[in-house]
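First to last, the protein sequences are chains A and B.
Sequential numbering of the first sequence, starting at 51, is according to our numbering.
Sequential numbering of the second sequence, starting at 51, is according to our numbering.
Worth flagging that the hints you see were computed from the coordinates, not collected in a lab.
Mixed in with the good hints, there may be bad ones.
[Stated by the list, open to error] Partner residues are not named here, just some residues of chain A that face chain B (Cβ under 10 Å, in silico):
{"#": "1", "residue": "Pro59"}
{"#": "2", "residue": "Ser60"}
{"#": "3", "residue": "Leu63"}
{"#": "4", "residue": "Glu151"}
{"#": "5", "residue": "Thr156"}
{"#": "6", "residue": "Ser179"}
Just so it is clear, CB atoms sit at the ideal spot from N, CA and C, and this is done for glycine as well.
2 protein chains.
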Amino acid sequence: MNAVAQEAPSYELVVEREMNIPRDKLYRCWTEPELLKEWFCPKPWTVARAELDVRAGGSSLIVMRNPEGEEFPNPGVYLEVVPNERIVSTDAYTSAWVPSERPFMTAIVTFEDLGGGKTRYTARARHWSEEHRTAHEAMGFHEGWGKATDQLEELAQTL
Amino acid sequence: MNAVAQEAPSYELVVEREMNIPRDKLYRCWTEPELLKEWFCPKPWTVARAELDVRAGGSSLIVMRNPEGEEFPNPGVYLEVVPNERIVSTDAYTSAWVPSERPFMTAIVTFEDLGGGKTRYTARARHWSEEHRTAHEAMGFHEGWGKATDQLEELAQTL
Numbered sequence: 051m052n053a054v055a056q057e058a059p060s061y062e063l064v065v066e067r068e069m070n071i072p073r074d075k076l077y078r079c080w081t082e083p084e085l086l087k088e089w090f091c092p093k094p095w096t097v098a099r100a101e102l103d104v105r106a107g108g109s110s111l112i113v114m115r116n117p118e119g120e121e122f123p124n125p126g127v128y129l130e131v132v133p134n135e136r137i138v139s140t141d142a143y144t145s146a147w148v149p150s151e152r153p154f155m156t157a158i159v160t161f162e163d164l165g166g167g168k169t170r171y172t173a174r175a176r177h178w179s180e181e182h183r184t185a186h187e188a189m190g191f192h193e194g195w196g197k198a199t200d201q202l203e204e205l206a207q208t209l
Numbered sequence: 051m052n053a054v055a056q057e058a059p060s061y062e063l064v065v066e067r068e069m070n071i072p073r074d075k076l077y078r079c080w081t082e083p084e085l086l087k088e089w090f091c092p093k094p095w096t097v098a099r100a101e102l103d104v105r106a107g108g109s110s111l112i113v114m115r116n117p118e119g120e121e122f123p124n125p126g127v128y129l130e131v132v133p134n135e136r137i138v139s140t141d142a143y144t145s146a147w148v149p150s151e152r153p154f155m156t157a158i159v160t161f162e163d164l165g166g167g168k169t170r171y172t173a174r175a176r177h178w179s180e181e182h183r184t185a186h187e188a189m190g191f192h193e194g195w196g197k198a199t200d201q202l203e204e205l206a207q208t209l
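Using the sequences provided together with the hints, build the complete structure.
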């Protein structure tokens, strides 16, 4: 938990992992559409489409596809981008600054350089209520984000 | 209404006014705490305190005081800042990026240079639901923001 998170309840779910991978490779996997499509959805789900305008105020559209071929669009907006260090985005807006129908979470991804080519990778999902946090956990947050993180790690190692 | 607003329902309330004032003076009134305190609350309400870290991701804290001396803190975060042109902020976060207890609105203020020292001033309040938009209107949005805008115009003319 960082200092900010302790100031207020932020209804957070977290995946944290040390990886034997330089952080710029992990950052590429988050910001290059062709790479993101490879790992972002826990298989057998896939990413049908990824459009990423990676800058504060830029839009992202990630369309997930289930094994039956149904598609689920996830529009969002980047709130803060520090190359190789930090990406913050939210589904509270569908573009800058159009409120979405259902603000659910803010994602904060940080890539901390541990030296020697290692990175502490942290992905936080912050919600606006305990109800949403609990729902996200019940929807399989830890398994889903855990599997996606495995896929991310595997892909980044090939870069 | 701009192009973005037409793409999706944004549950908007708007104050728009042409002013015989150069936009940099209006921008100063929004961004310098000592100026903002003079106009931001419709009198007899006042601003007890204003702390404005005017940059994307920066926090704002505006404490309003009613005539009985009760104080109402309004924390928020700037989402986008283009000097003299545009300020976007929201109460969905209390600081970058801590979700607030009650995300209510996004404020989009634009200062459009009309030439000859004139400005089209537009302040939009966008909400996450029709319910919140209606509640804001019922709380006296048009009267309150209208009076504040009178005060802003009056102050900016003295700069």
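Taking the hints in turn, this is what the structure says about them:
1. Pro59: holds, 8 Å
2. Ser60: Ser60 (chain A) check passes; min Cβ-Cβ to chain B is 5 Å, inside 10 Å.
3. Leu63: violated, 13 Å
4. Glu151: OK, holds: Glu151 (chain A) within 10 Å of chain B, min 8 Å.
5. Thr156: At about 5 Å, which falls below the 10 Å cut-off, the nearest Cβ of chain B leaves the hint on Thr156 (chain A) intact, so it holds.
6. Ser179: Holds. Min distance 8 Å.
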